[in-house]
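Visitor: Using the sequences and the accompanying hints, generate a full structural model.
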Amino acid sequence: MQAMVYRGPYRIRVEEKDRPPIEHPNDAIVRVTRAAICGSDLHLYHGMMPDTRVGMTFGHEFVGVVDEVGPSVRNLKPGDRVMVPFNVYCGSCFYCARGLFSNCHNVNPNATAVGGIYGYSHTCGGYDGGQAEYVRVPFADVGPSPIPEWMDDDDAVLLTDALATGYFGAQLGDIVEGDVVVVFGAGPVGLYAAKSAWLMGAGRVIVIDHLDYRLEKAASFAHAETYNFAEYDDIVVHLKKITDHLGADVAIDAVGAEADGNFLQHVTAAKLKLQGGSPVALNWAIDSVRKGATISVMGAYGPMFSAVKFGDALNKGLTLRMNQCPVKRQWPRLFEHVRNGYLKPSDLVTHRIPLEHIAEAYHIFSAKLDGCIKPLIVPNAA
Amino acid sequence: MPYSADKPKLAESSDELRARIPGWGVDLDPKDRPSVPKLRFDANLNGAHWEFPERQPEKWPRERSIEHKFLTPVFGTACPPKGLSGMIRRYSYRTYSEGRAAHWLLLLAADRVDAVESTLGSLLSRRPDNPVTETGVRSEFTHHGLASRLAGKRADRAHHPLDPIIVAAPWVLAGGAVYLALSRVVRRRRT
Ligand SMILES: NC(=O)c1ccc[n+]([C@@H]2O[C@H](COP(=O)([O-])OP(=O)(O)OC[C@H]3O[C@@H](n4cnc5c(N)ncnc54)[C@H](O)[C@@H]3O)[C@@H](O)[C@H]2O)c1
Ligand SMILES: [Zn+2]
Ligand SMILES: [Zn+2]
Chain A
527 MQAMVYRGPY
537 RIRVEEKDRP
547 PIEHPNDAIV
557 RVTRAAICGS
567 DLHLYHGMMP
577 DTRVGMTFGH
587 EFVGVVDEVG
597 PSVRNLKPGD
607 RVMVPFNVYC
617 GSCFYCARGL
627 FSNCHNVNPN
637 ATAVGGIYGY
647 SHTCGGYDGG
657 QAEYVRVPFA
667 DVGPSPIPEW
677 MDDDDAVLLT
687 DALATGYFGA
697 QLGDIVEGDV
707 VVVFGAGPVG
717 LYAAKSAWLM
727 GAGRVIVIDH
737 LDYRLEKAAS
747 FAHAETYNFA
757 EYDDIVVHLK
767 KITDHLGADV
777 AIDAVGAEAD
787 GNFLQHVTAA
797 KLKLQGGSPV
807 ALNWAIDSVR
817 KGATISVMGA
827 YGPMFSAVKF
837 GDALNKGLTL
847 RMNQCPVKRQ
857 WPRLFEHVRN
867 GYLKPSDLVT
877 HRIPLEHIAE
887 AYHIFSAKLD
897 GCIKPLIVPN
907 AA
Chain B
5 MPYSADKPKL
15 AESSDELRAR
25 IPGWGVDLDP
35 KDRPSVPKLR
45 FDANLNGAHW
55 EFPERQPEKW
65 PRERSIEHKF
75 LTPVFGTACP
85 PKGLSGMIRR
95 YSYRTYSEGR
105 AAHWLLLLAA
115 DRVDAVESTL
125 GSLLSRRPDN
135 PVTETGVRSE
145 FTHHGLASRL
155 AGKRADRAHH
165 PLDPIIVAAP
175 WVLAGGAVYL
185 ALSRVVRRRR
195 T
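Taken in sequence, the protein lines are chains A and B. Residue numbers for the first sequence follow the working numbering, beginning at 527 and rising by one. Residue numbers for the second sequence follow the working numbering, beginning at 5 and rising by one.
Treat the hints as calculated values from the structure; they're not laboratory data. Worth double-checking, as some hints may not be accurate.
[To be verified] Stretch by stretch, here's where chain A covers chain B in the computed footprint (C-beta under 8 angstroms, at least three residues):
id: 1; segment: 31-39
id: 2; segment: 149-163
id: 3; segment: 179-188
[Unchecked claim] If you want a taste of the chain B side facing chain A, the calculated C-beta under 10 angstroms gives, among others:
id: 4; residue: Ser18
id: 5; residue: His107
id: 6; residue: Arg116
A virtual CB, placed ideally from N, CA and C, is assigned to each residue, including glycine.
Guide: Rendered as structure tokens:
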């Protein structure tokens with residue numbers, strides 16, 4: 527089968543690989559019909575995530591058709607159209623039993639601090655991902671769900687991570703009616719979070735980025751007020767000015783480890799790998815919100831330390847909430863919202879690229895070329 | 005104003021927002037949201053029909069965090085450790101917990117070694133690495149590279165020139181090593 531393969535920082539190619547076998551009685555093998563590239567994949571692509579091995583296939587956003595099931599699988603059969611959450615999880619450990627699917631303790635021998643994620647380095651379990659023609663899906667009775675018959679693949683694939691994560695991010699903000707919400711980052715996660723904030727009753731939604739084309743999307747797709755931080759001397763002061771010097775009630779970090787806006791932070795993290803991530807957006811969130819505010823962190827950071835302004839967070843009495851998104855927990859409600867037309871996930875898709883050209887897709891998405899917001903990957907067999 | 009008790013007034017009322025934004029307020033009740041409360045016990049175990057999952061066979065000694073009691077019942081098998089990078093990785097897993105910076109720094113170092121090892125190895129294979137096609141840099145010409153980079157006020161422009169340096173580094177290092185080795189051989193032949 528054809529699969530995307532990592533060759534080193536900024537380098538990937540398509541290789542002929544063996545079709546993955548069933549390795550556990552509750553495994554399924556899924557033939558991928560749509561995959562996507564996530565902002566998280568860029569941290570791998572740039573060589574920031576420890577234990578990213580040459581030869582690995584990335585991809586944690588994918589949907590497809592069940593091709594084969596292991597002997598203990600009860601809920602799926604070959605031919606079923608399924609969507610697969612980006613979390614690999616068992617359903618039965620201490621954490622899964624309590625709904626923390628992203629924190630499963632039975633699927634990742636490499637680390638206890640993070641659960642299992644498809645195609646996301648050995649630090650997240652060493653599973654090959656879905657930017658390929660076929661993928662191994664462990665715990666087929668737990669994670670995957672049949673795609674509702676009214677939903678198309680383009681929407682379904684965005685529910686496997688980006689939309690679920692944006693919606694989850696808004697929830698962790700503990701938004702109450704009339705709250706002023708500021709979202710850092712106008713990538714897919716930030717745009718979905720901004721849109722979701724309204725569903726939870728926000729009174730004002732502000733989106734910050736430095737890419738004008740993405741801010742335009744924030745205005746049209748997420749009805750948000752937007753500011754390009756590169757146009758301000760100090761975005762923290764600007765955010766104070768536009769909120770009567772109080773600051774926002776809730777901030778959402780939808781940027782993560784490669785944040786721009788401070789050269790030293792960006793280069794020490796994203797280029798030199800001397801800290802887990804560049805916490806520029808997180809620090810802006812900490813400094814710009816009002817005292818007693820809540821910050822929801824969806825942006826991903828590496829397992830090493832990062833230079834976060836903890837003193838200010840303490841002195842301001844902030845609540846910091848964060849996690850990898852437990853995707854399937856969001857689905858029943860999100861299915862309703864998509865069906866009612868409140869959320870249209872595929873509105874953010876800007877590129878559909880065949881698997882064989884995935885190296886170009888990564889380059890375009892990574893360098894933010896050609897108005898790219900969300901690239902989908904289409905395998906030949908799809 | 006934070007200097008007095010009242011919260012600043014919003015420009016739009018809830019009714020105006022509900023009229024303008026499709027779906028405004030459908031998840032208004034903070035208690036009625038899918039991730040609330042954070043911990044919610046599901047007696048059905050989310051479809052799992054086991055108390056503890058069956059164990060996947062371990063086909064080679066699987067490296068694991070020393071913070072785990074045992075090898076997890078299910079695990080990925082993407083890229084077994086190999087070569088010098090594999091030795092560094094195994095050492096790091098065996099020796100340091102996730103709480104130690106040494107653990108992560110060694111794993112990152114192993115990643116760099118892996119890239120160089122694999123690139124050199126590929127030169128001897130039927131499919132050598134091609135730094136041009138693998139970086140997808142061709143899309144600069146087909147997808148408005150320059151125009152996109154020059155549009156508006158992009159904060160990342162300052163470090164764009166660093167990317168090619170990062171890509172080229174292993175090739176320059178490998179080239180230098182090959183050059184030194186060859187010139188030594190040539191010199192030895194002459195004497
Ligand atoms: N917690 C989770 O479960 C989860 C799931 C998916 C993605 N993520 C993470 O969320 C983040 C965003 O993902 P994405 O797919 O939207 O990525 P993306 O790269 O498309 O978006 C990031 C955006 O942040 C902008 N940005 C950079 N520096 C900024 C700053 N200082 N202030 C404001 N904006 C800034 C960039 O211009 C870009 O538009 C990533 O870190 C990703 O790893 C987390
Ligand atoms: Zn993701
Ligand atoms: Zn679990």
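Visitor: Report the numbers of all earlier hints that the structure fails to satisfy, in ascending order.
Guide: 3
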